[in-house]
Amino acid sequence: MKTRLLFPACDLDSAALPPADPDLVVDLELDRLFAAMAAGDATIEVVARAVLPIGAREAPDSTGAPEPSLVLARQALVADALANPAVVRELYRLASDAVEAERRVWGGALRNAELVLHRSVEVTRGLLDAVTAMRDLLARDRAALRSAALLGLADRLAADIDEAFLRTARAQLATLEARTLVVTAGLGPGNRAAGFTLRRAVDRRAALRERVGLARSRSYAVDVTLHDQNAMNALAELRARAVTPVAAALAESAAHLLGFCRRLRDETAFLVGCANLAQALSTVGVGLTMPEVAAPGTRGLAAAAIVDPCLALAIGGGVTPNDLDTVGCALTVITGANGGGKSTVLRAVGIAQLLLNAGMLSRPLGCEASADGVRVHFPRGEGDGQGAGPPDAELDAR
Amino acid sequence: MTESAPRLLYGPGARTPEPSLDVPAWAVDLRLDELAPALGAGETGLQRLAVLLVPLPDAEAVAFRAAVFEDLDRPSLAGAFRSFGDVLAGVRTTLARAARMRHAAERDRWVLDALERHDAAVEALAAALKATPPASAALRAVAAHLDALLASERFRARRADVAATRAALDGVAFRLRIGEQRVLVSAPREEADLAAEIREAFARIRDGDPEPLRVDVFDTLDMSPLDSAILARVATLAPEPFARLAQTTAAHREVVDPVLAAIAEDAAWYLAVLDVLAPLREAGLPVIPPALRDDGALAVEGLVDLVLARRLVADGRVVRASALRLEPGERTVIITGPGQGGRTSLARAIGQLHVLAAAGCPVPAASAAVPLVDRVATVFDRPERLDDPGGRLRTELRRIRSMLAAAGPRTLVIANEPFASTTAADALALARRLLGALRERGARVVAVTFLEELAADPASVSVAAAVDPADPAARTFRFERRPADGLAHAQLLAARYGLDGAAIRRRVQQ
Chain D
6 MKTRLLFPAC DLDSAALPPA DPDLVVDLEL DRLFAAMAAG DATIEVVARA
56 VLPIGAREAP DSTGAPEPSL VLARQALVAD ALANPAVVRE LYRLASDAVE
106 AERRVWGGAL RNAELVLHRS VEVTRGLLDA VTAMRDLLAR DRAALRSAAL
156 LGLADRLAAD IDEAFLRTAR AQLATLEART LVVTAGLGPG NRAAGFTLRR
206 AVDRRAALRE RVGLARSRSY AVDVTLHDQN AMNALAELRA RAVTPVAAAL
256 AESAAHLLGF CRRLRDETAF LVGCANLAQA LSTVGVGLTM PEVAAPGTRG
306 LAAAAIVDPC LALAIGGGVT PNDLDTVGCA LTVITGANGG GKSTVLRAVG
356 IAQLLLNAGM LSRPLGCEAS ADGVRVHFPR GEGDGQGAGP PDAELDAR
Chain W
714 MTESAPRLLY GPGARTPEPS LDVPAWAVDL RLDELAPALG AGETGLQRLA
764 VLLVPLPDAE AVAFRAAVFE DLDRPSLAGA FRSFGDVLAG VRTTLARAAR
814 MRHAAERDRW VLDALERHDA AVEALAAALK ATPPASAALR AVAAHLDALL
864 ASERFRARRA DVAATRAALD GVAFRLRIGE QRVLVSAPRE EADLAAEIRE
914 AFARIRDGDP EPLRVDVFDT LDMSPLDSAI LARVATLAPE PFARLAQTTA
964 AHREVVDPVL AAIAEDAAWY LAVLDVLAPL REAGLPVIPP ALRDDGALAV
1014 EGLVDLVLAR RLVADGRVVR ASALRLEPGE RTVIITGPGQ GGRTSLARAI
1064 GQLHVLAAAG CPVPAASAAV PLVDRVATVF DRPERLDDPG GRLRTELRRI
1114 RSMLAAAGPR TLVIANEPFA STTAADALAL ARRLLGALRE RGARVVAVTF
1164 LEELAADPAS VSVAAAVDPA DPAARTFRFE RRPADGLAHA QLLAARYGLD
1214 GAAIRRRVQQ
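Going down the list, the protein sequences come from chains D and W. End of the first sequence sits at 403 in our numbering; the numbers just go up one at a time, nothing left out. End of the second sequence sits at 1223 in our numbering; the numbers just go up one at a time, nothing left out.
Treat the hints as calculated values from the structure; they're not laboratory data. Positions of the beta carbon are idealized from the N, C-alpha and C atoms, including for glycine. Any given hint could be a false lead.
Label pairs and their calculated CB-CB ranges [unchecked claim]:
#, chain 1, residue 1, chain 2, residue 2, range
1, W, GLU893, D, PHE170, 29 to 39 angstroms
2, D, ARG223, W, GLY884, 15 to 25 angstroms
3, W, ALA880, D, PHE170, 36 to 46 angstroms
4, W, ALA900, D, ALA183, 16 to 26 angstroms
5, W, ALA909, D, ASP165, 15 to 25 angstroms
Here are the simulated EDC-like pairs of lysine to aspartate or glutamate, each with C-alpha atoms no more than 20 angstroms apart in a straight line [what the hints assert, rightly or not]:
#, chain 1, residue 1, chain 2, residue 2
6, D, LYS7, W, ASP920
7, D, LYS7, W, GLU783
8, D, LYS7, D, GLU63
9, D, LYS7, D, GLU257
10, D, LYS7, D, GLU95
11, W, LYS843, W, GLU913
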């Protein structure tokens, strides 16, 4: 089952992503941005750091400039998330809880196949409940959703996690929990029973007839007394050997469900981060808008009332906005007095471009830029390092 | 089979000696006993050592073995015989375990597996000998024997019988209903495979290949009484394959062909000897098949003490090689030189050289032409023992008397400090008489001694430690044919530490 929220060609594996370019993070002071997105949630921070710099692309490892259509699709998704924050937060919570519950159930390494089986049953049941809740959530709020990504997820969940599937899966889990196992086997080394295949007994009546010795085909019984500890151990060992193949099959299915929940957790983490950021900026008085994406190849950008959101977050608002129109210019040179906010404008432009690339909201109104990478070159000399730059100068001036 | 069974250790028609497991005293003196653990574990090692210690009667027998060594030095043939030996050993272990089993259906299945593995190994060995045709008469005979065996009606019938029985057993399928305290055994029914159903049901949520969960199953080969009881019920349910199993195993009681077992054992001896020599080769020391000389001359270069070299190589230390050349008629070698200078090691190396050559084995030397000896004796100083009523000298003389009685022209005597327990004058007199008596009998002698007068005898070849001109007191571990020069190492050492005669006299006079 695919999540496909953030990238149209593949699901997010946040663990496999390279870390954000450290120069970019330092020069644009992105740490404050990531912290605002995370709002104290470590998972969101990790995902935000990995996903934001990549921008909206086919897949995280795609090369070249982000395509305007992909940016627009991502913008639609982010807009959906901002319009329905409760839905994405609930999706994120459901996925996180399912992943967390799985970790609690498995704990340490398991050696016994029957134990593996019982844990797998428990885990699978929990995961099925989680994906069912996700399905129901998206079905309930479907009318409010606008983005293709979230609607697609709602459709996939509705189609794959249908009642027939849930009935079958739950019935299978119940069969696996039965104390009586029916297996077929052949002869292995030393003619010991081997090659076990767990069977689903046909019907209850036949099972009952068999138990009372009235089955149609002949059967021979081996009885084990409760007091004979060795024989009970041998019986437990036989059961373990008999369920090994099915335990592996179920563990595999559980792993698929778990993988879906983990990927969904990471993708919704980004959306929750967007919602957190919008909230944080609105409390410091920075309004946000969805920027327009200019045609590829457009030079320069046009922005009205652009601000550096990280600076706004740092000083709690009251930053001076700037208007900018450099459309058609290949190169823009900013000059002015020292401590006058040149670098702040530069950062504001850089962050606006990054947010635009990631399909996120950015200040200011009417910002318009073509999507392309952001590269930074800030001075790194002695006395020019962190903490001595214009943001601090602006802080001092207040 | 009408032809005589092929053998690898002794040529056709040769008498097979009965090697004794007791390591003779001379072999202990030459430290050859230390090779036993390297040749094989426990008694096997002693048996293989015993074969090594029995000299072959003639050049033909030596050439017979040397050819086998050359064949088995090829990795393909060595590998083929090694895996054949491994399979036979595994088959024997399986059969020994099976013999202790109480349930026929279980025991017979292990026997059937042993039959299957044995016959497959025979075919594999035959194929390997086809792929790499051996050059030696012995291994060519083995190849011919295997071809005849594989073509024989008996072998083919047995192979087919075993395969059919195996197929019948593989076809046995049964159903177990495992409850809390009862297992019901019955024929399989039309019931769905639950694992397959689960995979099918969950196929829609599959995505990629998640890391598979490792499920370890506690599994032994031993059957529990429950397993045995289930097997008995299965046999009641499907009696034919089990009846067939009983017939098949009863029809082929002799699982391992005794001729092939003997061949495998012989091949294992060659491989064990090559394994003993392997560390030297890996360290870059030469190991070569020696040439035999029947004129009594000896020429060896780059000779090392095999046992010492194995130890030095294992510790990553330098091994020093020696050379020696004796003309025909030169039968007595007197080795002199400083103590701890490698004299005894050289004597041992010469002794080992003759033993290995007489057993048809490769020798640790760069080149070697060696006379064939049929008896090796040693005169080594042994610690005094309380149960020796006559004291050390008397015991030594007794041993020498019995040694002299058996000595002949093809006897090699290695003597290490003979008569060290008596005065120098007596020792010299006794040693001269001993050497004279051995010379009369035509025996070859290598003697290590401090008595340089022995080396002055014109009938003896004197070998002495080389002296480093830069530091005459240093030990070189190098030996050369030259007169013993009286420059006893002890004197030099004493002078170095101010303990020579003149120095002591000066101190006493002060």
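Each hint, compared with the structure:
no. : hint                                      : result
1   : GLU893(W) - PHE170(D): 29 to 39 angstroms : 32 angstroms, holds
2   : ARG223(D) - GLY884(W): 15 to 25 angstroms : 19 angstroms, holds
3   : ALA880(W) - PHE170(D): 36 to 46 angstroms : 41 angstroms, holds
4   : ALA900(W) - ALA183(D): 16 to 26 angstroms : 22 angstroms, holds
5   : ALA909(W) - ASP165(D): 15 to 25 angstroms : 20 angstroms, holds
6   : LYS7(D) - ASP920(W)                       : 7 angstroms, holds
7   : LYS7(D) - GLU783(W)                       : 65 angstroms, violated
8   : LYS7(D) - GLU63(D)                        : 14 angstroms, holds
9   : LYS7(D) - GLU257(D)                       : 17 angstroms, holds
10  : LYS7(D) - GLU95(D)                        : 19 angstroms, holds
11  : LYS843(W) - GLU913(W)                     : 50 angstroms, violated
Consistency with the previously given hints fails for numbers 7 and 11, ordered from lowest to highest.
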